[in-house]
Amino acid sequence: MIFAEGDPGDRVFIIVAGKVKISLRGPSGRTNLRAIMGPTDVFGELAVFDAGPRTCTATAITDVRTMWLDRATLRAWMTERPTIAEQLLQVLSRRLRNTDDELVELVSSDVAARVARQLLLLGGRFGVPDGDALRVAHELSQDEMAQLVGADRTSVNRALRNFASRGWIVLEGKAVLIVDPRALARRAAVRGRAGAPSSRRRRPLRATA
1 MIFAEGDPGD RVFIIVAGKV KISLRGPSGR TNLRAIMGPT DVFGELAVFD
51 AGPRTCTATA ITDVRTMWLD RATLRAWMTE RPTIAEQLLQ VLSRRLRNTD
101 DELVELVSSD VAARVARQLL LLGGRFGVPD GDALRVAHEL SQDEMAQLVG
151 ADRTSVNRAL RNFASRGWIV LEGKAVLIVD PRALARRAAV RGRAGAPSSR
201 RRRPLRATA
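According to UniProt numbering, the stretch in the sequence shown is residues 1 to 209, in order.
Note that these hints are calculated values from the structure, not bench results.
The C-beta atom is built at its ideal place from N, Cα and C for all residues, glycine as well.
Careful, some of the hints might be misleading.
[To be verified] Derived CB-CB ranges, DEER-like:
id : residue 1 : residue 2 : range
1  : N157      : V91       : 32 to 38 Å
2  : S28       : S165      : 32 to 38 Å
3  : P53       : R153      : 27 to 33 Å
4  : A85       : A189      : 32 to 38 Å
5  : V128      : T59       : 20 to 26 Å
6  : V128      : A185      : 15 to 21 Å
7  : R153      : R81       : 44 to 50 Å
8  : R81       : A185      : 36 to 42 Å
9  : D180      : N32       : 28 to 34 Å
10 : W68       : R186      : 40 to 46 Å
With the hints as extra help, turn the sequences into a complete structure.
Shown next as structure tokens:
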């Protein structure tokens with residue numbers, strides 16, 4: 001574990017190699033997986049702006065190498081080089097936009113559509129060409145994949161098996177081979193249980209702290 005929810009937040013991390021999962025615990029005690037991060041990704045950035053405790057937990061899911069900067073050093077650097085502050089604000093902006101998009105996805109798409117979208121996102125971030133397919137070593141357990149999608153494990157496994165039976169993917173433990181990304185993209189675009197668009201709602205947005 002790199003840091004836990006509630007720990008003092010005094011530094012920002014940059015991933016050099018490996019993967020890190022960002023999770024938080026909801027009011028019911030259920031763990032929610034918020035993101036999978038890889039090389040060049042920044043996390044713990046809220047520590048730059050306030051001295052509050054960490055709002056999430058960061059855990060390595062592979063061998064990981066990180067660099068870090070403490071708050072005082074980074075803030076001094078930002079003062080000397082305003083472009084660094086701009087880049088960090090861009091990180092925050094992208095993260096907030098992604099969080100908003102996830103809410104829209106959660107309230108307007110069925111489980112299968114959300115699974116398809118997550119597979120495509122993971123493929124775009126971590127996929128490696130394998131012949132005509134894309135191999136994605138996501139390193140997630142079935143429970144973690146369900147948390148990432150925002151659904152129960154049974155429903156997520158049902159969607160994955162359905163995609164596999166259609167020849168869109170091949171399941172390989174903690175990896176998946178994406179064979180037909182266009183089919184996944186079409187399925188990810190389906191809105192609502194009957195395929196009808198749902199009204200857009202919004203929720204408070206989160207960065208990682």
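Item to complete: Given the range 40 to 46 Å, decide if the beta-carbon distance of W68 to R186 lies inside it.
Response: Between W68 and R186, where Cβ atoms are some 41 Å apart, the hint holds.
Item to complete: Given the hint of 36 to 42 Å, check if R81 and A185 actually sit that far apart at their C-beta atoms.
Response: For R81 and A185 the Cβ distance comes to about 39 Å; the hint holds.
Practice prompt. Return holds or violated for the Cβ distance of R153 and R81 against the range 44 to 50 Å.
Written response: holds, 46 Å
Worksheet entry | Outcome of range test on Cβ distance (N157, V91; 32 to 38 Å) | The hinted range 32 to 38 Å holds for N157 and V91, with Cβ atoms some 33 Å apart.
Worksheet item: CB of V128 to CB of T59, is that within 20 to 26 Å?
Response: About 23 Å separates the Cβ atoms of V128 and T59, which means 20 to 26 Å holds.
Worksheet item: Cβ-Cβ distance between A85 and A189: within 32 to 38 Å?
Response: For A189 against A85, whose Cβ atoms are near 37 Å apart, the range 32 to 38 Å holds.
Worksheet item: So does S28 sit 32 to 38 Å from S165, Cβ to Cβ?
Response: holds, 33 Å
Practice prompt. Please test the hint of 28 to 34 Å on the beta carbon pair from D180 and N32.
Written response: holds, 29 Å
Fill in: Distance restraint evaluation - V128, A185, Cβ atoms, bounds 15 to 21 Å
Taking Cβ atoms as reference, V128 and A185 lie about 19 Å apart, which means the hint holds.
Worksheet item: Does 27 to 33 Å hold as the CB distance between P53 and R153, or does it fail?
Response: Holds: the Cβ-Cβ distance is about 30 Å, inside 27 to 33 Å.
When the structure is compared with the earlier hints, no violation turns up for any of them.
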